[in-house]
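Asker: Next come the chains, spelled out residue by residue.
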Amino acid sequence: MLSLIATWINIITNVAIIILLLTGTFFILSASIGILRFPDVYTRLHAATKASTLGIASLLCGAFIYLYAAHHVVSGKLILAILFIFITNPVSGHMLSRAAHARGIKPVTHNRPDAYEEAINKYK
Amino acid sequence: MIAIEKLTAHLISICVTISIVGIAISLILLLYRIMKGPTNPDRAVGLDVVGVNLMGIAALAAIMLATDKLNDVVLLIGILSFLGTVGISKYLEKGVIIDRDLD
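Heads up: the sequence lines are chains U and A, in that order.
In terms of numbering that gives the first Met the number 0, the first sequence has 115 at position 116, counting the first letter as 1, and numbering is strictly consecutive.
In terms of numbering that gives the first Met the number 0, the second sequence has 3 at position 4, counting the first letter as 1, and numbering is strictly consecutive.
In case anyone wonders, no lab produced these hints; they're calculated from the structure.
Honestly, I wouldn't trust all of these hints.
[Unchecked claim] Coverage of chain A stretches by chain U, computed from C-beta distances (three or more under 8 Å per stretch; other residues unrestricted):
# : stretch
1 : 20 to 27
2 : 47 to 55
3 : 63 to 74
[To be verified] As a list, the in silico DSS-like pairs of lysine-lysine whose alpha-carbon atoms are at most 30 Å apart:
#  : chain 1 : residue 1 : chain 2 : residue 2
4  : A       : Lys35     : A       : Lys89
5  : U       : Lys121    : A       : Lys89
6  : U       : Lys123    : A       : Lys68
7  : A       : Lys89     : U       : Lys49
8  : U       : Lys105    : A       : Lys35
9  : U       : Lys49     : A       : Lys68
10 : U       : Lys49     : U       : Lys105
11 : U       : Lys49     : A       : Lys35
12 : U       : Lys76     : U       : Lys49
13 : A       : Lys89     : U       : Lys123
14 : U       : Lys121    : U       : Lys105
15 : U       : Lys121    : A       : Lys35
16 : U       : Lys105    : U       : Lys76
17 : U       : Lys76     : A       : Lys5
18 : U       : Lys105    : A       : Lys93
19 : U       : Lys76     : A       : Lys68
20 : U       : Lys76     : A       : Lys93
21 : U       : Lys49     : A       : Lys93
22 : A       : Lys89     : U       : Lys105
Just so you know, even glycine gets a beta-carbon here, dropped at the ideal spot from N, CA and C.
Required output: the full structure, derived from the provided sequences and hints.
Answerer: Right under this line is the structure:
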């Protein structure tokens, strides 16, 4: 009976690892397709930061569960890497969009006004 | 029941291979954007996501080789990719990396 429960736990952790790995790969691939297909820098940043953050968090969760189930290693460094990605990826996206706007790259706005440009001109 | 367990354990190695192939395709698409990109911030965005993909490949290699020595590599690639992106964006914004005016 006890070995049956252990077998079920192994099956469930294996299925969880498989689902996490495939989800992470899907989101990373969709992030790069978005970078390839979107029209300007700002929409490309929208694809890059959100989708790749979720993808890499899912992949690292899969690696963490695999290392815990197969080797009984609780790897705090992977959890630390997930937290680091969650903190730093929006920061780098924000700095890249500021740099692009300061270099004078116009967003594709479809005849809507550029609100960030107006705010900068109001406070200057 | 043991057969199902062995089947799922075999499926994990297949899924690791599928994931490595998917991330390789993603890196090829990003390389196209880095070479072709109309402006320099486009290339910076591509290089940022290349760093994230390298973290994913290191995590997948840790699963495929069944070792825990690669977790340091994942964390280190993340830190260096963030520092590189911040340096590139500061350089693209003003031309200097370290400045003192707070606007």
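Asker: All hints, please: hold or fail.
Answerer: Taking the hints in turn, this is what the structure says about them:
no.	hint	verdict
1	20 to 27	holds (count 5)
2	47 to 55	holds (count 6)
3	63 to 74	holds (count 6)
4	A:Lys35 - A:Lys89	holds, 22 Å
5	U:Lys121 - A:Lys89	holds, 24 Å
6	U:Lys123 - A:Lys68	violated, 52 Å
7	A:Lys89 - U:Lys49	holds, 22 Å
8	U:Lys105 - A:Lys35	holds, 18 Å
9	U:Lys49 - A:Lys68	holds, 28 Å
10	U:Lys49 - U:Lys105	holds, 22 Å
11	U:Lys49 - A:Lys35	holds, 23 Å
12	U:Lys76 - U:Lys49	holds, 22 Å
13	A:Lys89 - U:Lys123	holds, 20 Å
14	U:Lys121 - U:Lys105	holds, 18 Å
15	U:Lys121 - A:Lys35	violated, 36 Å
16	U:Lys105 - U:Lys76	violated, 40 Å
17	U:Lys76 - A:Lys5	holds, 29 Å
18	U:Lys105 - A:Lys93	holds, 17 Å
19	U:Lys76 - A:Lys68	holds, 11 Å
20	U:Lys76 - A:Lys93	violated, 35 Å
21	U:Lys49 - A:Lys93	holds, 26 Å
22	A:Lys89 - U:Lys105	holds, 19 Å
Hint compliance for this structure: hints 6, 15, 16, 20 are broken, all remaining hints hold.
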